[in-house]
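Q: Chain A is fixed; fit chain B onto it per the hints.
Protein chains: 2
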Amino acid sequence: MEVASGSGDKAGFFTQGRSWLKALPVKFKANMVGMARNIKKLGQEDPRRVVHSLKVGLALTLVSTLYLGLFKNDGFDAIWAVMTVVLVFEFSVGATLGKGLNRGMATLLAGGLGIGAHHLAKLSGHIGEPILILFLVFLQATISTFLRFLPKIKARYDYAMLIFILTFSMITVSGFQENILELAHSRLSTVSIGAAACVFVSIVVFPVWAGEDLHNLIALNIENLGNSLEGFGDEYFKRTGGEESKDDKKFLEGYKSVLNSKNSEESLANFAAWEPCHGRFPFRHPWKLYLKVGTLARECAYRIEALNGCLNADIQASSEVSNIIQEACTKMSRESGKSLKELALAIKIMVQPSSADSHIENAKSAAKNIKSLLKSGIWEDIDLLKVIPGVTVASILIDLVTYTEKLSESIYELASKAQFKSVEPTLSLKTLHSGQNQSVKSAQMVNCLDVGINVRESTLPSPPSENSSAPKASKQRMGVQI
Amino acid sequence: MEVASGSGDKAGFFTQGRSWLKALPVKFKANMVGMARNIKKLGQEDPRRVVHSLKVGLALTLVSTLYLGLFKNDGFDAIWAVMTVVLVFEFSVGATLGKGLNRGMATLLAGGLGIGAHHLAKLSGHIGEPILILFLVFLQATISTFLRFLPKIKARYDYAMLIFILTFSMITVSGFQENILELAHSRLSTVSIGAAACVFVSIVVFPVWAGEDLHNLIALNIENLGNSLEGFGDEYFKRTGGEESKDDKKFLEGYKSVLNSKNSEESLANFAAWEPCHGRFPFRHPWKLYLKVGTLARECAYRIEALNGCLNADIQASSEVSNIIQEACTKMSRESGKSLKELALAIKIMVQPSSADSHIENAKSAAKNIKSLLKSGIWEDIDLLKVIPGVTVASILIDLVTYTEKLSESIYELASKAQFKSVEPTLSLKTLHSGQNQSVKSAQMVNCLDVGINVRESTLPSPPSENSSAPKASKQRMGVQI
Numbered sequence: 001m002e003v004a005s006g007s008g009d010k011a012g013f014f015t016q017g018r019s020w021l022k023a024l025p026v027k028f029k030a031n032m033v034g035m036a037r038n039i040k041k042l043g044q045e046d047p048r049r050v051v052h053s054l055k056v057g058l059a060l061t062l063v064s065t066l067y068l069g070l071f072k073n074d075g076f077d078a079i080w081a082v083m084t085v086v087l088v089f090e091f092s093v094g095a096t097l098g099k100g101l102n103r104g105m106a107t108l109l110a111g112g113l114g115i116g117a118h119h120l121a122k123l124s125g126h127i128g129e130p131i132l133i134l135f136l137v138f139l140q141a142t143i144s145t146f147l148r149f150l151p152k153i154k155a156r157y158d159y160a161m162l163i164f165i166l167t168f169s170m171i172t173v174s175g176f177q178e179n180i181l182e183l184a185h186s187r188l189s190t191v192s193i194g195a196a197a198c199v200f201v202s203i204v205v206f207p208v209w210a211g212e213d214l215h216n217l218i219a220l221n222i223e224n225l226g227n228s229l230e231g232f233g234d235e236y237f238k239r240t241g242g243e244e245s246k247d248d249k250k251f252l253e254g255y256k257s258v259l260n261s262k263n264s265e266e267s268l269a270n271f272a273a274w275e276p277c278h279g280r281f282p283f284r285h286p287w288k289l290y291l292k293v294g295t296l297a298r299e300c301a302y303r304i305e306a307l308n309g310c311l312n313a314d315i316q317a318s319s320e321v322s323n324i325i326q327e328a329c330t331k332m333s334r335e336s337g338k339s340l341k342e343l344a345l346a347i348k349i350m351v352q353p354s355s356a357d358s359h360i361e362n363a364k365s366a367a368k369n370i371k372s373l374l375k376s377g378i379w380e381d382i383d384l385l386k387v388i389p390g391v392t393v394a395s396i397l398i399d400l401v402t403y404t405e406k407l408s409e410s411i412y413e414l415a416s417k418a419q420f421k422s423v424e425p426t427l428s429l430k431t432l433h434s435g436q437n438q439s440v441k442s443a444q445m446v447n448c449l450d451v452g453i454n455v456r457e458s459t460l461p462s463p464p465s466e467n468s469s470a471p472k473a474s475k476q477r478m479g480v481q482i
Numbered sequence: 001m002e003v004a005s006g007s008g009d010k011a012g013f014f015t016q017g018r019s020w021l022k023a024l025p026v027k028f029k030a031n032m033v034g035m036a037r038n039i040k041k042l043g044q045e046d047p048r049r050v051v052h053s054l055k056v057g058l059a060l061t062l063v064s065t066l067y068l069g070l071f072k073n074d075g076f077d078a079i080w081a082v083m084t085v086v087l088v089f090e091f092s093v094g095a096t097l098g099k100g101l102n103r104g105m106a107t108l109l110a111g112g113l114g115i116g117a118h119h120l121a122k123l124s125g126h127i128g129e130p131i132l133i134l135f136l137v138f139l140q141a142t143i144s145t146f147l148r149f150l151p152k153i154k155a156r157y158d159y160a161m162l163i164f165i166l167t168f169s170m171i172t173v174s175g176f177q178e179n180i181l182e183l184a185h186s187r188l189s190t191v192s193i194g195a196a197a198c199v200f201v202s203i204v205v206f207p208v209w210a211g212e213d214l215h216n217l218i219a220l221n222i223e224n225l226g227n228s229l230e231g232f233g234d235e236y237f238k239r240t241g242g243e244e245s246k247d248d249k250k251f252l253e254g255y256k257s258v259l260n261s262k263n264s265e266e267s268l269a270n271f272a273a274w275e276p277c278h279g280r281f282p283f284r285h286p287w288k289l290y291l292k293v294g295t296l297a298r299e300c301a302y303r304i305e306a307l308n309g310c311l312n313a314d315i316q317a318s319s320e321v322s323n324i325i326q327e328a329c330t331k332m333s334r335e336s337g338k339s340l341k342e343l344a345l346a347i348k349i350m351v352q353p354s355s356a357d358s359h360i361e362n363a364k365s366a367a368k369n370i371k372s373l374l375k376s377g378i379w380e381d382i383d384l385l386k387v388i389p390g391v392t393v394a395s396i397l398i399d400l401v402t403y404t405e406k407l408s409e410s411i412y413e414l415a416s417k418a419q420f421k422s423v424e425p426t427l428s429l430k431t432l433h434s435g436q437n438q439s440v441k442s443a444q445m446v447n448c449l450d451v452g453i454n455v456r457e458s459t460l461p462s463p464p465s466e467n468s469s470a471p472k473a474s475k476q477r478m479g480v481q482i
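Here the protein sequences line up with chains A and B, keeping their order.
Numbering of the first sequence is given in the numbering used here, commencing with residue 1 and proceeding in unit increments.
Numbering of the second sequence is given in the numbering used here, commencing with residue 1 and proceeding in unit increments.
Incorrect hints may have been included.
Because identical chains share one entry, a pair is satisfied inside a single copy or across any pair of copies.
Simulated crosslink set (DMTMM-like; lysine to aspartate or glutamate; CA at most 20 angstroms straight-line) [stated by the list, open to error]:
no., residue 1, residue 2
1, Lys288, Glu413
2, Lys364, Asp234
3, Lys288, Glu409
4, Lys371, Glu405
5, Lys331, Asp234
6, Lys368, Glu327
7, Lys421, Glu409
8, Lys368, Asp357
9, Lys371, Glu361
10, Lys154, Asp46
11, Lys262, Glu299
12, Lys238, Glu320
13, Lys152, Asp46
14, Lys154, Glu45
15, Lys27, Glu413
16, Lys331, Asp357
17, Lys292, Asp158
18, Lys122, Glu235
19, Lys152, Glu45
It should be emphasised that the hints constitute simulated quantities derived from the structure, not laboratory data.
Source: prediction; values computed, not measured.
Chain A extracted, bound-state conformation (with noise of 0.2 angstroms):
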């Protein structure tokens, strides 16, 4: 840039150039290093990464050996099908069979009426049919484009219509001068041999399920949630009281990768509705209700972002506000956050959220506790000002309480539509983390068609970690993908 707008005199200019030059490779090769470690990074992160390039890999060239070997004199097949697969396979099975099977009914769809709307062309003499054809053309064109603003084709047969317009288009245009018939089949048999070539691929080697994938974002989404509020009691009134807290405190932002997961969470929601029936999940299963849950967790992460700007307020509670307060403020996010917890894990391995329940009613007792002790006659001889910040974490901790209570609820409703197991209300966190947890586990190993749970080691959480790094990585292997 500097040496662009050069003003100055042209000895400059050159030194500039050569020092630029110079510096080039240095340049050069710390872009190299930089993108090396990117590219280990985003393999780390994701190991399934790496597998599904090696999978486009291994369809690709299956598809290739098929045309090299079989179809020898037919290079122009070989393109169609190509194609198919470079635009068909996805990262997740439900991504791939819907625009597989999108394709094909379009291609299919498409292909009769380019053949109708041929012959109908025929029909208008020599010099009518250009005119007819370019007029169906442009007539379809711009009836299913404004048909693709729909927001229910947008969101299932977007790439439906998209084929469609160009398969009736080429159709018709080409065969003008093609034999059509021949154009439509080889088109048609093409399609099918690259899209189920993807399918194979995508569902025997090593499968990505977007229906796996949304159950385990939502489920992580709320331990995260419960991580940022069960460790907010104890920093926030550590830092009231003057301590500074030296170890890294990331965990509480776990909260922030629920806000904008929105996006994502629908377009999962989209891909598993193509799912089969797969693991723990039967066809079927109730995926609209995890974006249910999804929007509530939401709604409690908006108020955890309220109480992270208290954390991070110029004006702190005083400490005899918070010797008050503290109890039953700790109590209540501490009891929230475990309850969270429970919740997710009951997500997780599929059981009734029964756990969770003393949870919550801990934390709405403790919520009642700071009523009645704010309703009491201590706070007379204290300045208002002083009460202020305290009481306002004390009331968005009284409005999240009451929010975890609506998400459980909505997890409720999930486990009954898809029939989670029910276990013994003793079980707890604490048993599952301790190893002991092999007779729920066998109890659960039923397959999937019977009724849909099946507890793998894999399922199981890690123990809550304080380590920074998990829920981010974690967050960002569940996202990226879509």
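A: The following block gives chain B in isolation, referenced to the frame of chain A:
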């Protein structure tokens, strides 16, 4: 559903079936009517959708005419041009240009490398050739697919990577049998013609600029925040005073569109970066700063969401508390709301946001007032529990005043980087709306090549209306096309 579950007797089944069949035409008609209504609404909400559909039809017809008329013998080439149009044509100029350039560059690069790979394969003998080809296809597909996960590449060059994989595979695989140079050449020329047709129609016929959309979206979001915040104070104290407001208060919900606009903003900023100088925006307009402003606007929205929670809470501030805090709270909410609306207006007409300063000062002094009010002795006889709801509202409002100031600072930064014009500080929303803005307008009628400001009639805000449908419709107009 009820028919299929059938555990009832056969007669019942048939009766049910018959009534279901009878209801079918009625249902079908209702569905059709509903769909027609949706389609009409879609077009009315944003007539640009209809225009976009016609533009796609036009570009496609144009390319088809070219191939039907000029290159009569090459149906194969027509297919590629048609395909390019269908895949490249997007709603905004930026998206179309981005995709077109991505496609062109990737086709050129992959074509060159594909021909190289083909010659390399030729050197390795009759048996080695297919093996080497398959190996190269596998290698490049795997590497390119993995690189698509890199955030920087995903944001701007995702489509190029896709086309690179596609073209490279197609040329190496089908080049095994055909005249490869001819294939590469024909593919490149048809892609160029198709992309050029898209870019031409997109820019010449009623262009939709992503940059302008982003600019308007940010301004609209801040205006929505302002409307919600400005009306909040009055509404809150009306309710605590027991008054039930009759008129539609949906403008209070305007802030909700801001909560989830992150993705729209990011994609619009990405598209805008591809766009040349247009209207009031020069090339290299600081689009990234809009994202910063958008993030701060969202921080405000989270806090307004918390306020809205107070509006619908079970426990409301008692009337004696209300009487004390009402004036200062209403002033804070009204003045911050007004300052947000002035900020939105400043963005819209691209002037320095100095007209918002006085409102921010007023809001700050109100915040100071309420702080000293809370320090005073008037609270001693009041039960603290009754104070909480009111104090929480006050506290969140104080926080919001701080965030409004932060937002204003970020808009000042944008205004200075984007060289917004400065206006005399007396200019306010009122003078602009009362039609006395002719001098300001003509003073800023400068070509975009000059300083990037060109105030047009259409960019001036409509008068702030209490009409509930306005913010919603505009929101959808901005958000859906992404």
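Q: If a hint holds in the structure, say so; if it doesn't, say that too.
A: Evaluated hints:
1. Proximity of Lys288 to Glu413 under the C-alpha cut-off of 20 angstroms is restricted to the intra-copy arrangement: shortest distance 12 angstroms within a copy versus 42 angstroms between copies.
2. Taking the closest pair of Cα atoms, Lys364 and Asp234 come within 20 angstroms of each other only inside a single copy of the chain (18 angstroms); across copies the shortest separation is 32 angstroms, beyond that limit.
3. Only within a single protomer do Lys288 and Glu409 lie at most 20 angstroms apart by alpha-carbon distance; the minimum there is 15 angstroms, versus 41 angstroms between protomers.
4. Taking the closest pair of Cα atoms, Lys371 and Glu405 come within 20 angstroms of each other only inside a single copy of the chain (18 angstroms); across copies the shortest separation is 34 angstroms, beyond that limit.
5. In this assembly of identical chains, the alpha carbons of Lys331 and Asp234 lie at most 20 angstroms apart only when taken from the same copy (9 angstroms versus 35 angstroms across copies).
6. In this assembly of identical chains, Lys368 and Glu327 lie within 20 angstroms of each other by CA distance solely inside one copy; the values are 13 angstroms within and 31 angstroms between copies.
7. Taking the shortest Cα distances, Lys421 and Glu409 sit within 20 angstroms of each other inside one copy (16 angstroms), while across copies they are farther apart (54 angstroms).
8. When the C-alpha separation of Lys368 and Asp357 is checked against a cutoff of 20 angstroms, the pair qualifies only within one copy, where the shortest distance is 16 angstroms, while the shortest distance between copies is 43 angstroms.
9. Proximity of Lys371 to Glu361 under the C-alpha cut-off of 20 angstroms is restricted to the intra-copy arrangement: shortest distance 15 angstroms within a copy versus 36 angstroms between copies.
10. In the homo-oligomer, the alpha carbons of Lys154 and Asp46 lie at most 20 angstroms apart only across protomers (16 angstroms), although the nearest pairing inside one protomer, at 29 angstroms, exceeds that limit.
11. In the homo-oligomer, the alpha carbons of Lys262 and Glu299 lie at most 20 angstroms apart both inside one protomer (11 angstroms) and across protomers (17 angstroms), since each shortest distance falls under that limit.
12. Taking the shortest Cα distances, Lys238 and Glu320 sit within 20 angstroms of each other inside one copy (13 angstroms), while across copies they are farther apart (35 angstroms).
13. Taking identical chains as interchangeable, the C-alpha atoms of Lys152 and Asp46 lie at most 20 angstroms apart only when they sit on different chains, with a minimum of 17 angstroms there against 32 angstroms within one chain.
14. Within a single copy, Lys154 and Glu45 get their C-alpha atoms only as close as 31 angstroms, which misses the 20 angstroms cut-off; across copies the closest is 16 angstroms, which meets it.
15. Neither within a single protomer nor between protomers do Lys27 and Glu413 lie at most 20 angstroms apart by alpha-carbon distance, with minima of 56 angstroms and 30 angstroms respectively.
16. Taking the shortest Cα distances, Lys331 and Asp357 sit within 20 angstroms of each other inside one copy (15 angstroms), while across copies they are farther apart (43 angstroms).
17. Taking the shortest alpha-carbon separations for Lys292 and Asp158, neither the intra-copy value of 24 angstroms nor the inter-copy value of 31 angstroms comes in at or below 20 angstroms.
18. Taking identical chains as interchangeable, the C-alpha atoms of Lys122 and Glu235 are never at most 20 angstroms apart, the minima being 79 angstroms within one chain and 68 angstroms between chains.
19. Taking the shortest alpha-carbon separations for Lys152 and Glu45, only the inter-copy value of 16 angstroms comes in at or below 20 angstroms, while the best intra-copy value is 34 angstroms.
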